[in-house]
Amino acid sequence: MLFNSVDFLLFFPVVTILFFAIPKRVRNIFLLACSLYFYMCWKAKYILLIAFSILVTYLSALVMEWLEKQGRQRLRGLILAGTIVSNLAVLFLFKYYNFFVENVAALTQNRLLLPLFNFALPVGISFYTFQALSYAIDVYRHDIPAEKNLITYALFVSFYPQLVAGPIERSTNLMPQIKAGTRFDFENMRAGLLLMGWGMFQKLVIADRLALFVDEIYNNYAGMDGSFLILATVLFALQIYCDFGSYSNIARGAAAVMGYRLMINFNAPYFSRTFAEYWSRWHISLSTWFQDYIFEPVVWKMRNKAAAAYVGVLLVFFISGFWHGASWTYVIWGCLHALFRVLEMALRRPKKKLYKKLGINAKSRWLQVLETVWVFLCVCFTFIFFRSESLEQAFGVVGRIATQTHFSALFSGEFFSLGLDEKDFTVALIALIVLVVADWLVYHKKDIYHWVVAKPLAARWALYWLLIFSSVIFGVYGPSYDAAPFIYFQF
Amino acid sequence: MSKFKKVFGSVAFFLITMALVYGAANLLRDRETTLSGLYSEEKGSVDMVIVGSSHVNNGSIPNIYWEENNISAVNVYSWAQPAWTAYHYIREALDEQDPDIVLLDLYCMTYGNSYIMPEEIDRINYENSFNIDINLNYLELIHTSEEVGLDLRPYEDFLNLPRYHTRWKDLDWKMLTYDPHNDRDFLKGYGLIYQAQPQEQPMFETDERMVPYEFCVEYLDRIVDLCEKKGVDLIFTMIPYIYNETEVKIDNWLTDYAQEHGIPYISYIGAAASELCLDYETDFSDNGHLNFYGAQKVTMHLSGVLGEMYPDYRKEDNPCAAQFDEDYQKYLRVLEANEIMAENDLGRYLDHVFADENYTLYLVNDESSVTDALQEALEQNGVSADAERMCAVLNSAGSVVGQEEVEAQLFGRAGSVRFEYGENVQVILNDYPAISIDSGFKAVLCDSILQRPLETIAYDAAQGTIVHKEFSSDIIDLFK
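Sequence lines, in order, name chains A and B.
Going letter by letter, the first sequence gives residues 1 to 491 in the numbering used here.
Going letter by letter, the second sequence gives residues 1 to 480 in the numbering used here.
Simulated from the structure, these hints should not be mistaken for laboratory data.
Where hints are given, some of them may not hold.
As the list claims (entries may be wrong) - No more than 30 Å apart at the CA atoms, straight line, and that leaves these computed lysine-lysine pairs for DSS-like:
| id | chain 1 | residue 1 | chain 2 | residue 2 |
| --- | --- | --- | --- | --- |
| 1 | B | LYS169 | B | LYS229 |
| 2 | B | LYS3 | A | LYS179 |
| 3 | B | LYS229 | A | LYS455 |
| 4 | A | LYS148 | A | LYS24 |
| 5 | A | LYS455 | B | LYS43 |
| 6 | A | LYS445 | B | LYS169 |
| 7 | A | LYS363 | A | LYS305 |
| 8 | A | LYS353 | A | LYS305 |
| 9 | B | LYS169 | B | LYS230 |
| 10 | A | LYS363 | A | LYS446 |
| 11 | B | LYS297 | B | LYS315 |
| 12 | B | LYS3 | A | LYS446 |
| 13 | A | LYS423 | B | LYS169 |
| 14 | A | LYS352 | A | LYS445 |
| 15 | A | LYS69 | A | LYS301 |
| 16 | A | LYS69 | A | LYS179 |
| 17 | A | LYS363 | A | LYS445 |
| 18 | B | LYS230 | B | LYS43 |
| 19 | B | LYS43 | B | LYS229 |
| 20 | A | LYS353 | A | LYS446 |
| 21 | A | LYS445 | A | LYS351 |
| 22 | B | LYS6 | A | LYS446 |
| 23 | A | LYS24 | B | LYS6 |
| 24 | A | LYS45 | A | LYS148 |
| 25 | A | LYS445 | A | LYS455 |
| 26 | A | LYS148 | A | LYS69 |
| 27 | A | LYS455 | B | LYS6 |
| 28 | A | LYS24 | B | LYS5 |
| 29 | A | LYS423 | A | LYS353 |
| 30 | A | LYS446 | B | LYS5 |
| 31 | A | LYS148 | A | LYS363 |
| 32 | B | LYS43 | B | LYS249 |
| 33 | A | LYS24 | B | LYS43 |
| 34 | A | LYS352 | A | LYS455 |
| 35 | A | LYS351 | A | LYS363 |
| 36 | A | LYS352 | A | LYS363 |
| 37 | B | LYS297 | A | LYS179 |
Said to hold, decoys possible - Label-pair restraints from in silico Cβ distances:
| id | chain 1 | residue 1 | chain 2 | residue 2 | range |
| --- | --- | --- | --- | --- | --- |
| 38 | A | LEU18 | B | ASP183 | 42 to 50 Å |
| 39 | B | LYS169 | A | PHE99 | 36 to 44 Å |
| 40 | A | LEU9 | B | ASP100 | 53 to 61 Å |
Just so it is clear, CB atoms sit at the ideal spot from N, CA and C, and this is done for glycine as well.
Excised from the complex, chain A in its bound form (with noise of 0.2 Å):
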């Protein structure tokens, strides 16, 4: 179920009232129905997936836990082992495995020909896998004790606003929520809704808007001007934001109405003047779980902490490349943002040397708009390669960039017939002020939310209507369009 479709508008809404309805002790039942519901909408035997992820890490918990008690420190390792082991040899075998097997053939010059496995990848794997082997390591590392109710933590791992795209919860946060129950708030529904239409207006306006534009050049790009490429690629850099941060605001939303707090997954990263302010914050939730489960535990464990740290740094980008698809190009993108953040590591202390010998303020506002801008360029940049279906298509898009760009295309009355058409192009460009002066204000620690609420009624209302009406008015849904599903669906 999209929450981009007329399905959701119904099934949140009665989900909602009935939630509350119903008396608390059953309440978490009810959601956890209705979230594997929810889930099941999409291809209802892969709930057996999401099941068997549950039963083998809520079990392995349980198991860790007694044999903690037991004193049997070294069996603990192992059945952690063992957990994380068969949840990942299930994502292995629907996600990767016949990116492996095509590899292997072509290593071995179609020598070595093993059979493929032609399932449809199931949605949202990636997300529910990781959580739940949070869920395992915290307990091993005695951050959390073992759950022993078996729908608290089935509701942990399946709860239907984050389960298909994030944020990866962790059992620290959401599982205490989930355990200790929720009540109506006003200001949370108030909260929730708003950010859920704030959402919307991502996705519907700016991300599937873009997306024409986008599709079109990337499909067609051996005949595209480099400037169309470049234009294309910096507005997937946007739609991909705003497509990916969209879900994580109407997850949030959602989630906030029934009274559950789910951690902030995207705060104006494009705002960001390095590649380590970037990653803390896009896609929060996964930078964080590397951080917590293979940085810090790879830091802690060698011995040279700087040489550590570069490691940990290049794991950590290769195994996230890994993780968004099986594919040369989404591992190629981790690489160049690892390449980034290893540049920008090792040139720290030069630069703050050259600065200080150039005389150069390094607060001052140009420079911090220069490294904004370099930031965004070189994220900008690595896009090319998540966005293509291939390395061919990549390089080749890489390449028409470096030698057929000429700017004055843009200008040649080409570019209103390559989806957007001027009245499109106006609304994208609009909603793309709003989004940055949104941004702005959030990268600003402003509060956007008690600024709106505290005006008075007239105005408040105008704002919301204002809001709902333009993804209603001004969307990208309906029959004119295939309803786009989100980006961040296929990991």
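For this one, chain A is given, so just place chain B on it according to the hints.
Just chain B now, kept in the frame of chain A:
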């Protein structure tokens, strides 16, 4: 904030939002409907509804029934209308009016066996047939189409906002002002086509029967039940088109069905078509549709049959007789105007126009295109043609000559025509050039009886002929 205030505020906000959503949906909804002929008639004034697809739109002329049989009639059609849509259209017609007769074209029963593939029918039906008023019948039509048709997303596709919200790109006054319940269609759902395209006469003859698609039969049964329940006479017909052998078999089955149910069936499929003396060279506009000449023959024949069945209708009994008379006169006027609009000789064209005081010719010219013939024709009508840039409004009563630009709201609510002066004068219809000839004079012919501009013409000096571009409703849409 007190609890009461919050609850009250939330409910108020929700209700106002719903009202605004409803308003926006109605504003953006494409209200141009094929049922305007039905909706715009005074309630209870229609004696007969003729239901069917575009075959009805192009093949049935309701004004003729009024003149010949004193029966007030309207076409209730939609493109590629399948039987289930026909059922809901009949329900709509029976609710909206209180007709005595439903004349149903049974082309809808050939679904899956006709020259249009079912997927195509579904798609066309899906895009064009859901323009009835929003009510229970409308929602049921959506539900039915989803059940019967192919791969529909009823709520996303047919709720007005998802379906029409992209019309913000084409905002115009007509969206605000057009009202199918008040903007009369004096042709009453008839779509006039003069163009002729020769067809090969189908020569299939068979006694075999073929049962139509199961849902067509189910909905035909429902139509029969509905008419019976409402006490309405149901008559079947099959307006001529270029049919195939399978359709003849279906027609045979329908003949049996009609007999079984005691329903008159006037079919123009197979041998019955010969009664009409249709000329396959001149009476069709394409393989599916009759042109005006074919439609006239079919309607006159049907009118004869109806005359025998219903001899007692009198115009005086209809409370809206005056309106139907006026509409008939307008229909005749359309036929007259079409004769002028087929004229290619400038002199004869001007003669026709100036002979009728109800025509007005808005004319613009640049000096390069003034030929002797044109100058003579204009001067005969008192127009000085030697001005550098001339603008004239001509009619049989004389002319007004001026140098100023004409910018006329000729369409009223339907749009505008203006003249744009540049190197070549252009007639601009709804902001788009209406005719593509660069040189020569351009003119717009208006008719005070039909109360609209009829066409724009350009004089092609090189060919010495007039080029016409009709301001039909289709063309108006094209230029939007």
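So which of those numbered hints doesn't the model satisfy?
-> 1, 3, 5, 6, 9, 20, 29, 31, 32, 33, 34, 37, 40
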